[in-house]
Structure formats: C-alpha cells, structure tokens
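The primary structure of each chain is shown beneath.
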Amino acid sequence: MRTDLRLAAIGTALAIVASGAVVSAQDEESKTIGFVPPALTSPFHVSMAEGATAAGEERGWMVDVQAPTAEGDFAAFVTTVQQLLEKGVDGLSINPIGTDSAVTAVKSANEKGVPIIAHNFITPFSEGDVLSYIGYDQWGGAEKLAAHTCELLAGKYGTETADATGKVYILLGIDSIFSHRRTGGFKAGLEKNCPNVEVVGEQTANWVRQDGQAVAAVAWQQDPDIDVFYGNSDEMAIGAALAGEQLGKTINEDFFAVGIDGNPPTLDLLADGKFSATLGVDPYNMGVTTIETLEKIFNGEEVPLITLTPSVVVTPDNLDAYLAGELWTEPVAGSPELDNGEPTVPEE
Amino acid sequence: MTESVTAVGRSRSFARSVVSGAGPALVLIAMAAALWVMSPAFRSPTSLMLIGLEAAALGLVAAGQTFVILTGGIDLSVEAMVSFAGVIAAILIAGTNVSGGQIAGGFPSWVAIPIALALGALIGAGNGVLVTAFRMNPLIVTLGVRSILLGSALVLSRGSGIYIKKDDLLGLLTGRVDVLGVSVPIPLIVTLIIYVICWIVLKQTKFGRYTYAIGGNETAARLSGVRTNLNKTAIYAISGFLAALAGIMVMGRLESGAYQNGTNLTLMSVAAVVIGGTALTGGIGGIWGTLIGVFMIRLVDAGLVYMSFPSQAKEIMIGAIIVLAVLIDTVRRGQIPWLTLRLRGGDPGD
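Residue numbers (my numbering), protein chains in the order written: chain B, 1 to 348; chain R, 1 to 350.
Derived by calculation from the structure, the hints in this document are not laboratory data. Each hint should be verified, as a subset may be incorrect.
Said to hold, decoys possible - Sample of chain R residues lacking proximity to chain B, with all beta carbon distances greater than 10 Å (derived): (1) L26; (2) L28; (3) S44; (4) L53; (5) V129; (6) S147; (7) R158; (8) G171; (9) A220; (10) R253; (11) D301; (12) T330.
Stated by the list, open to error - Derived coverage of chain B by chain R (criterion: at least 3 residues anywhere in the stretch with Cβ under 8 Å from a Cβ of chain R; other residues may be distant): (13) 148-156; (14) 299-306; (15) 313-327.
All figures in this text were calculated on a predicted structure; none of them were measured in a lab. Idealized CB from N, CA, C, for every residue including glycine.
The whole structure should be built from the sequences, with the hints applied where relevant.
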C-alpha cells in the first residue's frame, strides 16, 4: 500500500514535470502564474506579491494575485486556489498559514498537472506534491536576532557580550509552528551568546500592534526593569516600543525593541531611531524567488525541495544596504522545518 | 367605489408581495448571468461546483442563524463552533498532534462526528439557557462563548491544523455525486435537505409558529401560553448543532481541524440572513431568503476571483454589494416611508 502510494506520488511528480516541460515548449513567452498569499492584510504579504508580480513582468508573464479577505480563512484559501486552476494557470505559488490546511488545494493542482510550489514556509505537507518550499529558517533567524540582542545589552551595561545581563520579555504570536520556532530559536540564541540574560516573561500578543502595546505596558508595571521586548513579529515589538514611549522611557537607551519580519513600516521606524533591530527576510526578493523557481521548473531544471532564502539582522547601521537589496544572498537548498524544538539546520 | 379601490389595493399588494419575495432571487440571477457572460472560466462545471461547496458550510451556519434572528436574538458563537467542532472531531479521529507529528489511529468518524455534533447542540443549548433562564443579553453571551470555543480549539490543537485521513463516512459526507451528469457536492445536498427541513419546521409546526411569535412579541407569546424559554433554548441548540455540522464539512474538506476553520462565518451568516429579508428585530423572514443570501455572498466572492479583482479591495466590493442588496430589497418591499409615500401617491389605507 505504502509503496503503491509512493509510486503513484513519483508518477504524479514525473507527470507534472513532464507536463510543465511540454507547456513550456509550446508557449515560451506567456505564462500565467497564480500567486496566493494567506491574505493581503499585512505589508509582508503585499511586498512578497509585489516582488513576484515584478519578476513575472520581467518575463512577460501574468501573475494573478488572489487572496482570501482574512488570514486563516482556510476554506476560502483552498477555493481560491481551485478557482485559479479553473481560470487556467500554468503554475502556482501558495502560502497557507495553517500547516496542512491546504492539502486539498495541492491535490487539486496535482490532479490537473499544474506545478505548484509554496512560499514563506518550509514545512512539507503530509500529503500532495509540492515541488519546492521557499522560505527562511525561522529558528536560525531568531537565533541571529538573539545574538544581536546580547550585543545591545552588553552595550547598555558596558560588559563583554558573553557576560551580558538584562531582562528580556517575549511577545508571542498566536500559538502555532511560527511562534514556536521564533521563540525557540531566540531562546537558544540567548543561551548560546549571553547565558546570563534572563527571560522574565512571555505572553501572547496575537501578532498585532495593539496587543503588543497592552501586554508590554502591563509587563512594565510588574517589572519596571525589563530591558528588551522581543516580538515574534515586528508589529508586536512596535507596540512595545510605543508603550515605552508613553511610559516616558527612551528607546535604544532605557530599553530595546526587536522583532522579526523587516516590513516597510518597521524599516521606517528604524530609520527614525524608534526601533532597535529587526530580522529582515526581504519578502520582496522572496516573491522574486518564487517566480525564478517556477521558471526553473518550466525549463525542466531540478529544484531543491526546500529552498532557504536568507535572513539578516537589520539595524540602523546597515539599513541602507538592506533597502538597496545588497544584503540579499542567493537562496540555498535547506532542510525542512518541523515543530520539534530543534534547530532547522542541524548544528555541527 | 370602496370595493374597487380595495380590489385594486389587494391585487397591488399581492403583486408587491410576489415581487418583494422574488426580489433577492432576481438580483441573484442577474448577478449570475452577468458573471456567466463576462467570465468563461466561471462557466466550467467545477466553478459552479466550488460555489456550491462554499455555499454549503455558510448555508448551514446561516440556517441556524435564521432561527435565532427570527426570535430577535443573535448567535455570534457560530464561527467558533465551526472551528471547535472540527478540531474535536479531528482530534477524535486522528489523535492529537505532538510537536507537529500525529498520533494516528483514533476513533472512526461515525463515532467522532456524532460526538462533535452533540457537543455543538449541547453548547448551543447552554447559550440558550444563559440567554433565557439567566436573562443575559444574547450578544454578550454568544460573544463570550465564541471566545471560549476559539480558545479551547486553539489549546487543543496547539495552533496547528490537525491533519486527518478521511475514512469512508467522512469521504462520503464531503464527496461529490453525479446528478444527471453534473458533479454535485454532497455538503450542498445535505445543506439543501436541512433547508427543506427548516422550512417545514417553520411553516408546518407549532415550534415554527412559536419562533415567529417570540420574535414578533415575546411577552405576548409567553402570555398566550408559549414556553418561550424552552423554545429559545432549543433554537440556540439548533444553531449550535448546525454550526457544528458545518464544522465537520469544513474540516472534512480541508482534511484538517484548525481553530481558524470558521473564520468570517459569523458576519457572513448574519449578512446572508439579512440579505434574505429576515428582520434583525425578529418575527419577520424565512429560510429560503437566507439561502439566496448565502449564494449571493458566495457568488460575489467567486466573481471577484474570476474577474481578477485586486484582492486588497475585495472587502470594499463585498461590503458594497451587501449594502446594495439589502437596499434594493427594502426599496422593493416599500419599507421606506419617504419613498413609499411618493410611490403610492399618499395612500394611507395600506
């Protein structure tokens, strides 16, 4: 039974690659790509869609960006993918935010022989043939951000990085693989680089700014000595920065706010000195990578199952270089990310 | 003179009632026709099947919501129930997920589904008891229960969808059947059956008449011997049950029980009910209007994708169309005093 399934899977994969090749041979110039973000309600997904659209235009392709109105509307997500398949697309790149919630969508694409890849996550589905998962290593990125946090604390208290002390408060996203990976990696990074720094609390702020602000304000009432607020997303950390301002604290002197995403609003705040550091994952170029990967698939080239895009700690010092795209490095083949409390890329 | 005027008045009001009854349906047909002409992709059988599939879950939730709104209440917990029931059933079927992995081998779905549905009815009845016996406002009760259910679904699923393998029953429930060469989703058939049952209950049973009576004037209904508390509790139980059924459908379709499975369904179900002509104040309306409202919403959703409408602006369009649909309906029904006065030429006797 197992082998049958596998054979079937390999067969389907071959059929997909073959059909992709046939299509590309027939119609070199014009391709229609379906690009499906979880929703376009955050600057992160908007900028990824813009990257994909621009990369498509360069090739004379049509990138049809369609998304549900709300993140987490999984049924609408699946329907949107299936509707794009009805409209007739040559390839698909999808970003469901629920692990496995889009298995049905993947299977529909497989049935139609339309090549499908996934962007912004690298956790393979339990079923269905996705040709490549494109995303950054959340755990490893959070580790890097933690290392930078150690340096910030060392600077504040005038110690060596390894001896840095201080209190960190973590603003969690809604319980999910994303929040687990980003929190786990950050804690591991602190442990590795400045073991004396203490995590004094962690609370969910539901990925959003308002909740980040509210949670941070309360946290400071309980413990006025908190040095760093780390948000699983930038938005929550920005909320903490705003809360600090309202409590009469000065950011980058009294406290630091760091987060993950590197969205345009965060970068603006960094330029204004109102934020400390973010993990830039360059969503625009991640979007470009999806189109490049699809092009390789159409040309019959091999693509890795996991394509790791780079992430870099962005501070006021390297902000200009980041904005100019100079910090972007070529994506590399990587390993899948699992919700297992272990680093994504095994340590030597 | 009086006789002829009355006769004309009667035939006019009969014509008006037909037109007002058919109003939303006409709008729906016009929308579908427009889309049919403009988008070739929309004409494919799969496209129509997808709309039917999307309409099914919303339809089930909206059917329950119709009962609740007919009594003058509202049930804001439905989308949470969709998620909760899906997560419960998925956990029973698949076992729970540990660190992203699955403990396989749980209950067959013929055990899991009834448990989830029973929980739905029970929690719905709980809503009803809080609203009636404890005299609490349905808005607050169901808002609170919504949070509790969403939170429970989140805790139970640890924030990631619980992946299930469909067994025969679940496969059948969420599958398709060929009717005269057209592939019809079974969830849609189930939903249509539920609507027929709802229609019979509302029109042919005491319970149905009491539902309208409670919404029309609860005190009067109680004084004339209707056990309003019992009836209302049963109605919230129906709403919970149907939302749980929708939860099973969504979970089965996605092969995943996740706490977000019900996203958007509460507001959409209320919108469908109102578009369908049921008054938010209760007492007036019916079940078929709701079904038309459901299809109208799903048609707009689909149409925006087929017309490659920019996704960021979808909400504007959906909102505008909902407002417009209700506006057309109220104008047709002649419910706007300053407009009807002019149209009727000041006939005060109607």
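Check on R253 of chain R being off the interface with chain B, judged by Cβ distance over 10 Å: The claim is violated: R253 of chain R sits with its nearest Cβ about 6 Å from chain B, within 10 Å.
Chain B versus T330 of chain R - minimum CB to CB distance exceeding 10 Å, so not interface: holds, 25 Å
Whether S44 of chain R stays farther than 10 Å from all C-beta atoms of chain B, as the label says: violated, 5 Å
Beyond 10 Å from every chain B Cβ - status for L28 of chain R: holds, 19 Å
Outside-interface status for S147 of chain R - nearest CB in chain B farther than 10 Å: holds, 12 Å
Nearest-CB test (10 Å) between chain B and L26 of chain R: Check passes; 25 Å lies beyond 10 Å.
Outside-interface status for G171 of chain R - nearest CB in chain B farther than 10 Å: holds, 12 Å
Non-interface claim for L53 of chain R versus chain B (Cβ beyond 10 Å): violated, 7 Å
Chain R covers the stretch 313-327 of chain B, three or more CB atoms within 8 Å, holds or violated: Three-residue rule not met by the stretch 313-327 of chain B, so violated; n is 0.
Coverage of the stretch 148-156 of chain B by chain R, judged on three or more residues with CB within 8 Å: Not satisfied, violated; 0 residues make the cut.
Distance rule for V129 of chain R, whose beta carbon must clear each one in chain B by more than 10 Å: V129 of chain R clear of chain B: closest Cβ-Cβ about 30 Å, beyond 10 Å.
D301 of chain R remote from chain B - nearest C-beta pair above 10 Å: The claim breaks: D301 of chain R does not keep its Cβ more than 10 Å from every Cβ of chain B (closest is about 7 Å).
Checked against the numbered hints above, the structure breaks hints 3, 4, 7, 10, 11, 13, 14 and 15 and satisfies the rest.
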